[in-house]
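Residue-level listing of the chains:
2 protein chains.
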Amino acid sequence: MGECVVVFELLPALAEKTFITDLRFCNVRLEDNRLYPWIFLIPRCENALNVTLLSVDDGLQLMREIVLAGRALAWLFPHGQVNVAMIGNKTPQLHVHVICRREGDPDWPGVVWDGHCEPYGETARAEAAGKIRLAIEAEMTKPEYNQNQ
Amino acid sequence: MGECVVVFELLPALAEKTFITDLRFCNVRLEDNRLYPWIFLIPRCENALNVTLLSVDDGLQLMREIVLAGRALAWLFPHGQVNVAMIGNKTPQLHVHVICRREGDPDWPGVVWDGHCEPYGETARAEAAGKIRLAIEAEMTKPEYNQNQ
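Chains as they are written, first to last, in my numbering: chain A, 5 to 153; chain B, 5 to 153.
Among the hints, erroneous ones may be present.
Copies of the same chain look alike in the list, so a pair counts if it works inside one copy or between any two.
[Unchecked claim] Below 20 angstroms or equal to it, Euclidean Cα-Cα: the simulated EDC-like pairs (lysine to aspartate or glutamate) are:
#1 K135 - D26
#2 K94 - D109
#3 K135 - D36
#4 K94 - D36
#5 K146 - D26
#6 K94 - E107
#7 K94 - D118
#8 K94 - E13
#9 K135 - E13
#10 K135 - D61
#11 K94 - E20
#12 K94 - E50
#13 K146 - D109
#14 K146 - D36
For the record, the hints were derived by calculation from the structure and aren't laboratory data.
So here's chain A without its partners, still in its complex pose:
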């Protein structure tokens, strides 16, 4: 991932989201919507518009971190499904949505983009970020995510 980490700048729409932690390749942030456990993985890459423009090796590291973060979220929160999406039509910087969903949630079974939103409030948002950070850090210690590429 040598050439990929030199210049990394978040678009404002991503920079304003609450920081959770840094994985080896991705910056992890929280969506400000208390209706859903919803995080973003943002590769610390210069000018990555979408996953087809990453090297295959960087794509593989991204997938390791998607699985890692998705499992941490799924461990923390009741859910029936985990949605994973890379869209980037409105915010043209590669970022991965990872979202716990369940039957009866406000947008179920539809998608959450342009769906219901209730901001956390400052304290609850910091608490959510802290709780998710701990779960991700616990998951990170497992050897399966740390294989060489």
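Using the hints provided, position chain B relative to the given structure of chain A.
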């Protein structure tokens, strides 16, 4: 991927879609919507509900095939963005949407789920599937997708 390929059955909502090709891990099918170059990658796994339930190795192979198929689609069709999503709320079997998007398309910049749809018609659908199959098969020959896990 040994234990994962023994029993593979498609849910009806996926089985009815037009077959394009088989990659090493995924079955590839076409969404019947001529408004978008839109394919599905469906891991040939038993009971895979979402990516967090795959082994990390299977997740990595899935990502190789997402990048491969996404690049084939992006090579074929004009686009400004490539959307990649694993949702599965309505069809609870792991399948990856890979979709070419561009400014001015019928749902831009929104998402395509529950968006505009115009079926191909039989001849055009077969033509689209054939064209995508050739592009994927050309992309498959590149060594970067064939590394050992």
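Comparing the hints with the structure gives:
1. K135 - D26: The answer is within: 15 angstroms in one copy meets 20 angstroms, while 41 angstroms across copies does not.
2. K94 - D109: between (24 angstroms within a copy, 13 angstroms between copies)
3. K135 - D36: within (15 angstroms within a copy, 42 angstroms between copies)
4. K94 - D36: Close inside one copy (17 angstroms), not across copies (25 angstroms); limit 20 angstroms.
5. K146 - D26: within (16 angstroms within a copy, 32 angstroms between copies)
6. K94 - E107: between (27 angstroms within a copy, 10 angstroms between copies)
7. K94 - D118: For K94 and D118, both the intra-copy (12 angstroms) and inter-copy (18 angstroms) Cα distances are at most 20 angstroms.
8. K94 - E13: within (17 angstroms within a copy, 36 angstroms between copies)
9. K135 - E13: neither (26 angstroms within a copy, 38 angstroms between copies)
10. K135 - D61: Answer is neither; intra-copy 30 angstroms and inter-copy 27 angstroms both fail.
11. K94 - E20: within (15 angstroms within a copy, 32 angstroms between copies)
12. K94 - E50: Close inside one copy (18 angstroms), not across copies (35 angstroms); limit 20 angstroms.
13. K146 - D109: neither (31 angstroms within a copy, 43 angstroms between copies)
14. K146 - D36: For K146 and D36, neither the intra-copy (28 angstroms) nor the inter-copy (41 angstroms) Cα distance is at most 20 angstroms.
In summary, the numbered hints that this structure violates are 9, 10, 13, 14.
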